[in-house]
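Enquirer: Spelled out, the chains give:
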Amino acid sequence: MTTLDAAIAKPRKQFKETFLGRVWTGLTRSPAGFAGTVLVLGIVLFSFVGPLAIDQDNPTDTTKIWTEPSAEHWLGTQYEGKDTFTILVNSGAEPIWVGTLAALMAVFVAVVFGSAAGYFRGKIDAVLLQLTDVTVTIPQFLLMLAVVAFFDDIPAWGIAFVVGSTMWAFLFRSIRAQVMSLKEREFVEAARLQDLGTARIVFREILPNMAGFIFVNFVIAVNQAIYAIVGLYVLGLMPSGTPNWGLMIHQSWSQNFYLNPVALPFVIAPLLMIVLFTIGLVTMGRGLDQALNPRLRER
Amino acid sequence: MTAPAASLPQSAAEGTPSRTAAIVVRRVWTSYAFRRVLQSVFVIWLVSTITFLLMHFMPGDPIEIMAGRLNSAGMSHDQAMATAANLVNYDPDASVWGQYLEFLKGLVTLDFGNSLTNPSKTVFEHVMEYLPWTLFSVGAGVVFAVVIGVSAGMAMAYRRGSAFDHSMTSLGSFLTGVPNYILIAAVVVIGYTVLGILPFLDMRGRITAGVEPGFDPVFLGDAVFHAILPIIAFAFTATGSFMLNMKAATTEVLTEDYVTVARARGLKPGRISRGYVGRNALLPVVPQIALQMGMLVGGSIVIEQILDYPGVGQMLMSAISDRDYPVVQAAVIILATSVVVASLIVDLVLVKIDPRIKSEGQDA
Amino acid sequence: QAKGSEGEGASGKFVYVYPFDVTTQHFNAAIPNAALLVPAPNAELFIPRPAILNWDSQEWIPQLAESVDLAGTTLTIKLRSGVKWTDGNAVTAKDLVGTIYLQKLNAPQGTVGWDQLTSATADDDTTVTVQYSAAFPGVEHGALKVQVLPHARYGEWMDEAEALVAAGAIQGSPEQSALAEKIAAEDFKDAEGGFISCGAYKFKDIGETVITMEVHQDGLFADQVKFQTFEIQKGDNATSVQLLLASEVDYSTQVLGATDRQTIAGVQGLKELSTPGYDGIGLMLNQGRFPEFADVDVRKAFMYVLDTEQIGEIAKGQGGYYLPKTYTGLADPHAEGLFDDVELEYYSVDHAKATSLLEGAGWKKESDGWHKPDGSLAEYTIIGVEGWTDFTLSGEQAAAQFKEFGLQISYENVPEDNPWGIWGAGDYDIAVRQWANPFVPYVYGAWQMTWFTDNGLTADAMGMGLPVDAVETATQGTVNVAELYLQSQQGTEEEQMAAHKILGVVFNETLPRLPLFLNQRVSYAVDGKRVKSIDPGDYDLNDIYFDNPIMVRILEGAIEPA
Amino acid sequence: MSSAPLLKLSGMEQVFDTKKGPVPAVGGVDLEVEPGKVLCLVGESGCGKTTTARAAAGLTRPTAGTVEYRGKNLADMTAAERGRYRRSVQYIHQDPYAALNPTRTVYSTLSAGLKRHGIVKNRTEARAKAAELLQLVDLTPPESYLDSYPHQLSGGQRQRVNVARSLALNPDLLICDESTSMLDVSIRVSLLNTLGRLRDELDVGFLFITHDLAVAKYFAWDGEIAVMYLGKVVEHGPTPEVIGNPQHPYTKALIGAVCEPDPDLAKANRAAEQLRSAEIPSLRDLPAGCAFHPRCPAFEPGLCDTAEPALQATPSRRRLSCHVVSRDLQRAPDADRTITFEAVPGSRRPEPETAH
Amino acid sequence: MSDPILSVRDLSIAYRTGRKESVTAVSGVDLDLYEGQSLALVGESGCGKTTLGLGLLRLLPNLGEITSGSLTYRLKDGTRADLLAMKKEPLRRFRWNEAAMVFQGAMNAFNPVIRIVDHFADTLRDHADGKKWTKAAVEARAGELLETVRLDPDRVLQSYPHELSGGMKQRALIALAIALDPQVLVLDEPTTALDLLTQRSIVQQLHELRSKFGFTMVFITHDLGLAAELADRVATMYAGRIIETGSARDIFYEPKHPYTAGLINAVMPVKGDRPALESIPGYPPSLKAMPDGCAFNPRCAFATDECKRDRVPLSLLTERPLGMDHSVACLHHDQVRLPRKESANV
Ligand SMILES: Nc1ncnc2c1ncn2[C@@H]1O[C@H](COP(=O)(O)OP(=O)(O)OP(=O)(O)O)[C@@H](O)[C@H]1O
Ligand SMILES: Nc1ncnc2c1ncn2[C@@H]1O[C@H](COP(=O)(O)OP(=O)(O)OP(=O)(O)O)[C@@H](O)[C@H]1O
Ligand SMILES: [Mg+2]
Ligand SMILES: [Mg+2]
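Protein chains in written order, with my numbering: chain A, 139 to 437; chain B, 90 to 453; chain C, 181 to 742; chain D, 55 to 410; chain E, 872 to 1217.
These are calculated hints, taken from the structure and not from any lab test.
As the structure is a prediction and not an experimental result, all values here were calculated from the model.
Careful, some of the hints might be misleading.
As the list claims (entries may be wrong) - Derived list of chain E stretches under chain D, where covered just means 3 residues or more per stretch with a C-beta under 8 Å from a C-beta of chain D:
1) 1069-1083
2) 1112-1125
3) 1130-1136
4) 1141-1153
Backbone N, C-alpha and C fix where the C-beta goes; we use that ideal spot for every residue, glycine too.
The shape of chain A in the complex, shown without the other chains:
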């Protein structure tokens, strides 16, 4: 019995069982999770560490406007004759963190509101439902314009806030509906019988059952946030100057770079970064899904 006791007392899978542990396992052990993580990490490193690693001197040079990729300029040069690659390296950090922040905020709010509404129903539910209806219905364009009019100088986190505050409503209803159905499940009752506390019941018993769903939506939200930032450029809300995927896309767009074959690296590079980032997140999500939802391995 001594070995047995030891096994119980000192569990071999200690880390694996915690939520983070399972996340870690999902990300490192499954091929999908691993590939996704590598991709996402790659882009994050590229965008956050890259700027420190490359030569930041990138002068305007009118003799080099729109040149083809070459050994010196891997992605060619852009409309000011600057090196496109250098710009690309410098362009990722802000959209990534602002997009992630906005998505986190949106998903967080959606999850909190959605589970509160679905779990408690009643007045909270009614009020939140109305709030989503209102949020969804107000034309975002108008809202953004009003925001421009209101704030002269809006910091990046403020943008995350604005973007996030219009996105949460889209996820809210789905989460609410799922919480509504999950909370009727007997295992939730069982948790209530243990007096586990509402917060724990919602966050540890109910939400993990929809982890996959939430994650997929988080990915979608990151994406939409990044593109919402592009949209903000269109409205003239964002100061240009700080390099940014959004700015690159917007320039490609509004100045018709996309019609010029030489400009294609400049047009496609930021899009490709976003697409790869998204695909990375989605693939990562698949690994996570498996880790967080043990039943998935069944079928």
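Knowing the structure of chain A, use the given hints to seat chains B, C, D and E with the ligands on it.
Expert: For chains B, C, D and E with the ligands alone, kept in the frame of chain A given last:
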């Protein structure tokens, strides 16, 4: 929902006529449908009020904007203002409060008067000139997206982990990820500019010059021809998100016992996937249809501009930049109403496809 | 005149691209700026004016008029006979007189030419006499360039306008407002007979993205034109680039960015029709907000910081801009010969000079950038307009160059819907804005732009806060710019010249706007596809949006199908 | 502690609202559970046992009547009292599949309550305690179950995990809804013995739902049995009495239906049909009078189908709701002793056909 | 008649639990079932009964797989079919039509969003073979079937699954299982959630159905009473293996495996006084930590060193026709006696 309906029939049976009436009133008052309608009206009011405020917060009134345009053509500020004042049917000195009351009156009577910058048209006429086209293209786009996204999403979940799943998931992420205006621009650039196979020039607009409106094949065919690109554009994003959501939902449902049992029952795979897996997996996806609809209408601005498809997005855009308040108001109210109606429909559909929703509410 | 048989010499199709909008625009040509294609360059084709100006020779090219003659304060316009409206009526002096009164009544006070116009009378069916209260070069401009409207449709308003003018009503008076509102409420979209016009072409099909015009047999110059059909494709910059790439249009007047021009460079038969423009892109410094901008040395220092050639290169591309020969606020064609005998400062990039100027003005460069004399960090934002590519790029480049020099200046866009409001209110630090003369072929237009546009100096329209009544200069002493401006437009030819000269020197010395570069007006034509050759002929100086040379050449029959 | 019973249901009614009309699943039951005692609830499937139990566990609010825990009405409890009640009363769901969170391992299911209420201080303790609980329910060796997910367990294993979880918080009252139904007999005995120890040593009270009369008898020998039929208690008394000497025709039928693990006996049993009808009436449309009368072998027209019989105490420490039996008892007060076990048909075992 | 309707040879089933780990839940099962027979599968909880039952219909979840063995059926048309080699469509037609299964988790066996009647309609229509099932016909047939399990069709047919009690769902599932008159019916604890009267009537119904249609039954149960009542044959499983099989009388009267004997010994009688019951001593083994040799040896009173060494195969004790042989996998079967056999007669 918690009202013990069981006791109602009894009391109704005993009641005097007036009590019965009171009960009827109470029933209506406590009825789900009635409250939903009330709530919807409230939402519409709130949204339009917020819109009203937002519009008035924005710098510039319609006269100033018009004056700015004239100004750009060489008039001095004062001159331009004076000219604009004549062109625009707007009293800049009216108090915001007064305008709000006026607007509320319009809201109640559903009469918003005439467009400020185009006084020859009533707002209603103005909006109706655009709205059907957007509803048509967005509606068709969403229908396509639902059909394609839902079936692809299910197929992905069924073949979880296969090459098909991987590629479709990537495609789905790509479609949701890249804004539809970029995708449709790529389609146009590649199809028209590069390959020259897309008759983009002829596809612009809503209808070919000279085609008479009417319910005949020529008109309908032409309308569809012109709407193809917008429909594809609207379908793009929605398809991606339906695919991903449906996949997630289906994956969950596939683990349920009743699916195993259905297989054991030797049901045809098609029936299992539709009636058992699909129906249950749709539950979390259905609410998104209405949202997508609203989102797409909201996002139609750019699409309609790229494709030269004069719809409500374009109208809203120019009305906002002209500060044509009544037109913006009316458009927003119509949009709000359609979102609210769509979510109402979604609720009803959900009750229809998920019988469990009806019998909730005995909880302590 | 236009009795020639059907299709005589006319065949083929000319395709033009222009951003019209059938859903919001209408057919009431009495409303400025809002009628379909009426403000467009091709308006000459269907809604002609009595005459248009050759900007180079400053001579009138008769259109509806057979001849024009300004003698003293009397302008006599002799109309061609035989031209008919599309409703079958002949074009008569009555149409022109009515149109002139409508314009006169609605023209804002202070408009050169309209203010001075006292009466217009139809002497007979084809002769119109216009009386002015004063005469000076350019006074006839307004009356000769009205787009003549049919009395048959607008007669009621024309007559009312005439009566009101006679009664002394002016723009802004209640009577005028009432009439204007009446006019604004009509759009004639579904009016019988469609749009009544008298040009060589008339509307045939009006689609949302393409409008087709065909020869109007009784129209002006219908016998001369060589194209049976004139098609207008709807298109903004992106679309016109695409259409040019596909050679689906023959002519585009859209102002394209540097990259766009590179994109279409390889199109077969592509021709860039380039004329030196009268206007350019510059910067407005908001002196109302930042008193330090009142210091001329600071302005000069800023000017010396900027590498305007680089800015032009990036914003407009090679051939899309030119640097002014003089920094006098005038485009080269106008400045020519005026300043030969004065010493002018020429601003080319010179950081050392900029530094010394700033330091002389009490500024100090520290690690975080330049500090003003009061010790505070000089921080500004340049605003451009979203979607106006040349503005955006110029502003961005300027900001980058300032930054490089150590000035904390960043760049930002404002929404496109109301930049005029922002400029007018002075709600900015530094703004990208035109300079020189974008509107009229006369020199005074440049002074208007420099000192009076966006410089309202009233509480609700402060503008850039630049004083105009007493400007201190080193060589000219204190100058009353406002007075000189009046002289520059209403004086005799000599008075005008003298005023121009002083104002030019004042500009050079005080830099009321920082001129970056002048626009080279470029339009694009595709030769050899549908059209043999597109060539502006003698009118190459004519600005493309006003008195478009190609349209005039089409009417002359000088442009033919391939 | 006060003299109030651990759990007291008085006049508890539960009416469900459905689209097709109200369903009176429980039509007024009065029951009590004392500490250290077992009350067994037996009855037809769908007769409202689970519904009663859920109300007793505070999972639903009865539409009428009260549920009291230690003399305190659930509806009037303060938050603190409710918390205490929550921890002291545990309900074990009937369906062990649905009652386990599919995303949590056995360990995390078991330890959630322990951690939450500070019963364990750290992981090591939590695992030790969870292992202990698993051992209590014969899931050994515990470490091979601790990290399993519910879908990796067999039905009986899940059922035992459910039981183990309910024991984690040291409850005063356990409400077991058919909690041994999926276990093999050996483990069943073992589990019942474990629960029996809790009952005897820790004074835990039990509301024990089962349809297995043998289990009822084995586990509630010192307690009581309440027999339910269509939402009502029809017979209620001490276990040996009710099992050994059933009075209500329905109880008799139930006991008559028991299968013995004996093939020959079973074959003999097979022929015996005791009820007039196999049809279970709908709750929405209950028969007039005694709800059992359409099936009752003792049915007397005019008596049973007119008035609803009340649940009355009989001389022999039990309550009964049957017109016929009550009447007979009144006529012959000793009669309830005279019906013996042998009277139940098919209980005599014929000799085996083959001998070894 | 010498042709078994279902024949299982050396069937082993394993579940994957990790990328490399797996547990064997069923190993080396041999079984022949003949037409009309009913086999009760009893045994320890978790010993692999459900797994075997699922395996018989090839219904294992993805991570469970048949690792060895063969599985053949004699179909209604008389041909023999190798189930493991069957293609998708034939397998689909086979399921429920030839062999149906009533699941242990009946609670979740129904699609929550469709009515009970639709479950019947779906099953009937998908196995219609050209027959047109109108709504009325479906309702009639489903009503009939529900009545055989004593459910009120008027109420149940139009109900949604969540509106039924557990017992009702289980009965509805049984009704659904016999809808196509399958030849083989696998019932996994079919009456666990049912009250005695219903159990009784279902048992009766199953008897009747069996004599009417002559289908073969495999039922998994913990209720030895039920096994005694329904089964001709009983097989006892322990830790994934069949350790004893024989006629019902063999097993109940003369069990030869100590585990079977212990099981019967632990049965609680309803009648008579309350005996003090003993469970089998020791703990059931876990699949992840299986003892060597006979899996029962740690708990067995007769265990010798020999038992700990090698796996003990089934050995034939009494030969009987139609697979009713009494076999046992115990080296010491001759020592096994039912301790209370005499007193059980009370
Ligand atoms: N949420 C509900 N809505 C409507 N009817 C319900 C609901 N829950 C239970 N019922 C009905 O109430 C009755 C009693 O159900 P309950 O689950 O209490 O029975 P039970 O005695 O536990 O049966 P079993 O032994 O089969 O578990 C049944 O007829 C059932 O259909
Ligand atoms: N998906 C799975 N992954 C891993 N192990 C599993 C899985 N499913 C079942 N098992 C294990 O396989 C063994 C057999 O399970 P099975 O469900 O066949 O048992 P059973 O005999 O039906 O038990 P019960 O009588 O309790 O239902 C059990 O020990 C169980 O833990
Ligand atoms: Mg129950
Ligand atoms: Mg099982």
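Enquirer: Could you work out which earlier hints the structure fails to respect and list their numbers in ascending sequence?
Expert: none
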